[in-house]
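Participant: Assemble the whole structure, with the sequences as input and the hints as a guide.
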Amino acid sequence: MASHLLADLEGESDIRLGAIQDLRDQVRRSVGRQQSPPWTIRFLTPLLPRLGSCLDDPHPQVPLQTLQLLLDLIPLRMHFGESTGALMQVDAAFTSLLPFLVPKIGDARLPVRRAAMQSLEGKSI
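The sequence shown runs 1 to 125 under the numbering used here.
Hints listed in this document are in silico derivations from the structure and should not be mistaken for laboratory results. The structure presented is a predicted model; accordingly, all values stated were derived computationally and were not measured. Beta carbons are placed, not taken as given, at the ideal position from N, Cα and C, and that holds for glycine. Don't take every hint at face value.
Simulated restraints on C-beta separations [unchecked claim]:
id, residue 1, residue 2, range
1, 15, 85, 30 to 38 Å
2, 29, 4, 14 to 22 Å
3, 92, 56, 18 to 26 Å
4, 46, 12, 17 to 25 Å
Facilitator: Right under this line is the structure:
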């Protein structure tokens with residue numbers, strides 16, 4: 001994964017949306033092949049906190065696609081062994097999203113509310 005995707009997550013809404021969709025495609029390919037994710041803890045740790053600002057984006061599709069990306073990422077946690085500090089780092093990065101995620105439970109759009117609840121429950125679609 002290129003670092004340009006991380007930079008794109010801080011761009012304008014349309015750029016963010018493209019980066020999120022690219023990330024979702026890469027995650028789905030990894031999960032579909034049941035492969036280890038092609039990225040490391042060094043990528044996930046900065047990625048997850050950046051998704052917080054995407055959850056607050058005014059473009060209606062950016063928060064929804066971000067929530068769907070989170071749901072795609074949840075199953076990948078198993079690739080970071082419980083006995084290592086990597087899982088703790090990933091969990092801490094997921095936890096940093098809570099202040100952005102909880103308000104989405106009250107969003108006016110049903111798909112956003114549903115995805116927020118599933119993310120908080122730790123369930124993938």
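Participant: It remains to establish, for every hint, whether it holds in the given structure.
Facilitator: Checked hints:
no., hint, result
1, 15 / 85: 30 to 38 Å, "holds (33 Å)"
2, 29 / 4: 14 to 22 Å, "holds (18 Å)"
3, 92 / 56: 18 to 26 Å, "holds (20 Å)"
4, 46 / 12: 17 to 25 Å, "holds (20 Å)"
Violated hints are absent here; each numbered hint is respected by the structure.
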